[in-house]
Amino acid sequence: MAIATKRIDPAALNLKEQVVAINRVTKVVKGGKNLSFSALVVIGDPSAKVVGYGVGKAKEVPSAIRKGIEAAKKNLRRINAPDQTIPHRVLGEFASSQVLLKPAPEGTGVIAGGSVRAVITACGIPNVLTKSIGRRNPHNVVKATIVALELLRDKAAMAEMRGIAVEKM
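Using my numbering, read the sequence shown as starting at 27 and increasing by one per residue.
Watch out, some of these pointers could steer you wrong.
What the hints assert, rightly or not - Below are the EDC-like pairs computed for lysine to aspartate or glutamate, each with C-alpha atoms no more than 20 Å apart in a straight line:
1) K75 to D180
2) K99 to D180
3) K75 to E132
4) K128 to D109
5) K42 to E96
6) K99 to E43
7) K157 to E176
8) K93 to E43
9) K93 to D35
10) K42 to D109
11) K128 to D180
12) K194 to D180
13) K157 to E119
Hints in this document: simulated from the structure, not taken from any laboratory.
I would like the entire structure built from these sequences, with the hints used as guidance.
Structural data, given as C-alpha coordinates:
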(Lines of atoms letter the chains of each structure in order from A and count residues from 1; the text may use other names and numbers.)
(Lines give C-alpha, C1' and ligand atoms only; values in the text may rest on other atoms or scores of the structure.)
Protein backbone atom coordinates (compact mmCIF):
# COMPACT_ATOMS: atom_id res chain seq x y z
CA MET A 1 0.00 0.00 0.00
CA ALA A 2 2.67 2.50 -1.04
CA ILE A 3 0.73 5.66 -1.71
CA ALA A 4 2.81 8.62 -2.85
CA THR A 5 1.93 11.52 -0.57
CA LYS A 6 3.51 14.92 -0.55
CA ARG A 7 5.69 15.72 2.43
CA ILE A 8 4.11 17.82 5.21
CA ASP A 9 6.26 20.73 6.44
CA PRO A 10 6.59 20.47 10.25
CA ALA A 11 7.71 24.11 10.59
CA ALA A 12 4.28 25.39 9.50
CA LEU A 13 2.44 23.34 12.16
CA ASN A 14 1.84 23.76 15.89
CA LEU A 15 3.10 20.31 16.89
CA LYS A 16 2.53 18.78 20.31
CA GLU A 17 4.64 15.79 21.27
CA GLN A 18 3.90 12.94 23.65
CA VAL A 19 6.23 10.17 24.76
CA VAL A 20 4.41 6.83 24.52
CA ALA A 21 7.09 4.40 25.69
CA ILE A 22 10.67 4.47 26.94
CA ASN A 23 12.60 1.22 26.84
CA ARG A 24 15.93 0.53 28.57
CA VAL A 25 18.13 -1.64 26.38
CA THR A 26 21.35 -3.37 27.46
CA LYS A 27 23.88 -4.85 25.12
CA VAL A 28 26.34 -7.30 26.61
CA VAL A 29 29.85 -6.69 25.29
CA LYS A 30 33.33 -7.93 26.22
CA GLY A 31 33.88 -5.21 28.83
CA GLY A 32 30.46 -5.48 30.49
CA LYS A 33 27.05 -4.06 29.59
CA ASN A 34 26.27 -1.09 27.35
CA LEU A 35 23.13 0.71 28.53
CA SER A 36 20.99 2.74 26.11
CA PHE A 37 17.42 3.97 25.83
CA SER A 38 14.77 3.74 23.12
CA ALA A 39 11.86 6.22 23.04
CA LEU A 40 8.61 5.99 21.05
CA VAL A 41 7.21 9.49 20.45
CA VAL A 42 3.93 10.61 18.84
CA ILE A 43 3.57 14.17 17.55
CA GLY A 44 0.60 15.91 16.00
CA ASP A 45 -1.27 19.13 15.29
CA PRO A 46 -4.92 18.78 16.41
CA SER A 47 -6.08 21.80 14.39
CA ALA A 48 -4.52 20.57 11.12
CA LYS A 49 -5.40 16.86 11.68
CA VAL A 50 -1.76 15.80 11.25
CA VAL A 51 -0.08 12.98 13.17
CA GLY A 52 3.23 11.11 13.08
CA TYR A 53 5.38 8.79 15.17
CA GLY A 54 9.08 8.19 15.55
CA VAL A 55 11.58 6.09 17.47
CA GLY A 56 14.80 7.49 18.88
CA LYS A 57 17.72 5.61 20.44
CA ALA A 58 20.50 7.15 22.53
CA LYS A 59 22.63 6.72 25.66
CA GLU A 60 20.42 9.17 27.64
CA VAL A 61 16.61 9.49 27.78
CA PRO A 62 16.36 13.20 26.71
CA SER A 63 18.54 12.53 23.65
CA ALA A 64 16.42 9.51 22.71
CA ILE A 65 13.23 11.61 23.01
CA ARG A 66 14.75 14.39 20.89
CA LYS A 67 15.76 11.88 18.20
CA GLY A 68 12.26 10.35 18.32
CA ILE A 69 10.69 13.79 17.75
CA GLU A 70 12.98 14.43 14.77
CA ALA A 71 12.08 11.01 13.30
CA ALA A 72 8.36 11.72 13.86
CA LYS A 73 8.60 15.06 12.01
CA LYS A 74 9.78 13.14 8.93
CA ASN A 75 6.80 10.78 9.25
CA LEU A 76 3.78 13.12 9.38
CA ARG A 77 0.40 12.15 7.86
CA ARG A 78 -2.82 14.08 7.27
CA ILE A 79 -6.01 12.42 8.59
CA ASN A 80 -9.48 12.68 6.96
CA ALA A 81 -11.64 13.30 10.01
CA PRO A 82 -14.35 15.90 10.63
CA ASP A 83 -14.33 18.08 13.76
CA GLN A 84 -16.34 15.92 16.21
CA THR A 85 -15.75 12.21 15.52
CA ILE A 86 -14.65 9.78 12.83
CA PRO A 87 -17.09 9.19 9.94
CA HIS A 88 -17.23 5.37 10.15
CA ARG A 89 -15.95 2.30 12.00
CA VAL A 90 -12.48 1.17 10.95
CA LEU A 91 -10.05 -1.61 11.90
CA GLY A 92 -6.32 -0.97 11.59
CA GLU A 93 -3.83 -3.83 11.62
CA PHE A 94 -0.07 -3.88 12.04
CA ALA A 95 1.78 -7.13 12.77
CA SER A 96 -0.27 -8.96 15.44
CA SER A 97 -1.87 -5.78 16.83
CA GLN A 98 -5.31 -4.58 15.75
CA VAL A 99 -7.04 -1.33 16.71
CA LEU A 100 -10.79 -0.82 16.24
CA LEU A 101 -12.00 2.80 16.05
CA LYS A 102 -15.72 3.56 16.32
CA PRO A 103 -17.58 6.87 16.00
CA ALA A 104 -18.95 8.29 19.24
CA PRO A 105 -21.60 10.94 20.04
CA GLU A 106 -20.53 14.40 21.17
CA GLY A 107 -19.47 14.55 24.81
CA THR A 108 -18.14 10.97 24.94
CA GLY A 109 -14.46 11.92 24.82
CA VAL A 110 -11.60 9.64 23.86
CA ILE A 111 -12.16 6.17 25.28
CA ALA A 112 -8.78 4.56 24.64
CA GLY A 113 -5.70 3.02 26.22
CA GLY A 114 -2.33 4.75 26.49
CA SER A 115 -0.79 4.16 23.06
CA VAL A 116 -4.04 4.62 21.11
CA ARG A 117 -4.98 7.70 23.21
CA ALA A 118 -1.66 9.38 22.38
CA VAL A 119 -2.28 9.05 18.62
CA ILE A 120 -5.98 10.04 18.76
CA THR A 121 -5.38 13.15 20.89
CA ALA A 122 -2.35 14.13 18.79
CA CYS A 123 -4.48 14.23 15.62
CA GLY A 124 -7.31 16.09 17.40
CA ILE A 125 -10.33 13.77 17.33
CA PRO A 126 -12.40 14.68 20.43
CA ASN A 127 -14.97 11.83 20.49
CA VAL A 128 -14.08 8.25 19.60
CA LEU A 129 -14.42 4.73 21.03
CA THR A 130 -11.46 2.39 20.59
CA LYS A 131 -10.56 -1.22 21.29
CA SER A 132 -7.09 -2.71 21.11
CA ILE A 133 -7.23 -6.32 19.93
CA GLY A 134 -4.36 -8.78 19.91
CA ARG A 135 -0.89 -7.87 21.13
CA ARG A 136 -0.47 -4.68 23.17
CA ASN A 137 3.12 -3.85 22.14
CA PRO A 138 3.14 0.00 22.12
CA HIS A 139 5.10 0.24 18.85
CA ASN A 140 2.69 -2.00 16.94
CA VAL A 141 -0.41 -0.46 18.56
CA VAL A 142 0.69 3.06 17.52
CA LYS A 143 1.34 1.86 13.96
CA ALA A 144 -2.01 0.01 13.82
CA THR A 145 -3.82 3.15 15.03
CA ILE A 146 -2.20 5.26 12.32
CA VAL A 147 -3.11 2.62 9.71
CA ALA A 148 -6.71 2.80 10.94
CA LEU A 149 -6.74 6.61 10.75
CA GLU A 150 -5.34 6.47 7.20
CA LEU A 151 -8.23 4.18 6.18
CA LEU A 152 -10.77 6.90 7.06
CA ARG A 153 -12.53 8.37 4.00
CA ASP A 154 -14.84 11.37 3.79
CA LYS A 155 -18.16 11.36 1.94
CA ALA A 156 -16.91 13.43 -0.99
CA ALA A 157 -14.00 11.05 -1.68
CA MET A 158 -16.24 7.98 -1.46
CA ALA A 159 -18.86 9.53 -3.75
CA GLU A 160 -16.17 10.41 -6.30
CA MET A 161 -14.71 6.89 -6.10
CA ARG A 162 -18.15 5.31 -6.64
CA GLY A 163 -19.07 7.81 -9.34
CA ILE A 164 -22.27 9.06 -7.69
CA ALA A 165 -23.42 12.37 -6.24
CA VAL A 166 -22.70 13.17 -2.58
CA GLU A 167 -26.42 13.71 -1.92
CA LYS A 168 -27.22 10.07 -2.86
CA MET A 169 -24.92 8.64 -0.19
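Take a quick look at whether K42 and D109 sit within 20 Å of each other, Cα to Cα.
-> With Cα atoms ~18 Å apart, K42 and D109 stay inside 20 Å; holds.
Is K128 close enough to D180, meaning Cα to Cα at most 20 Å?
-> 15 Å, holds
Agreement of K75 and E132 with the hint, judged by alpha carbon distance not exceeding 20 Å = Since the Cα atoms of K75 and E132 sit roughly 18 Å apart, the hinted pair holds (cutoff 20 Å).
Has the given pair, K93 with E43, been kept, meaning a C-alpha gap of at most 20 Å?
-> 12 Å, holds
Would you mind confirming whether the straight-line C-alpha gap from K42 to E96 stays at or under 20 Å?
-> 13 Å, holds
Are the Cα positions of K93 and D35 separated by 20 Å at most?
-> 18 Å, holds
Going straight from one Cα to the other, do K194 and D180 come out at no more than 20 Å?
-> 14 Å, holds
Is the hinted pair K157 and E176 satisfied, with a Cα-Cα distance of at most 20 Å?
-> 17 Å, holds
Satisfaction of hint between E43 and K99, Cα-Cα up to 20 Å = 10 Å, holds
Verify the proposed pairing of K128 with D109, using a straight-line Cα cut of 20 Å.
-> Holds, because 15 Å separates the two Cα atoms, which is no more than 20 Å.
20 Å limit on alpha-carbon distance, applied to hinted pair K99 and D180 | Cα-Cα ~25 Å, so violated.
Take a quick look at whether K75 and D180 sit within 20 Å of each other, Cα to Cα.
-> 13 Å, holds
Hint violations for this structure: number 2 only, all remaining hints satisfied.
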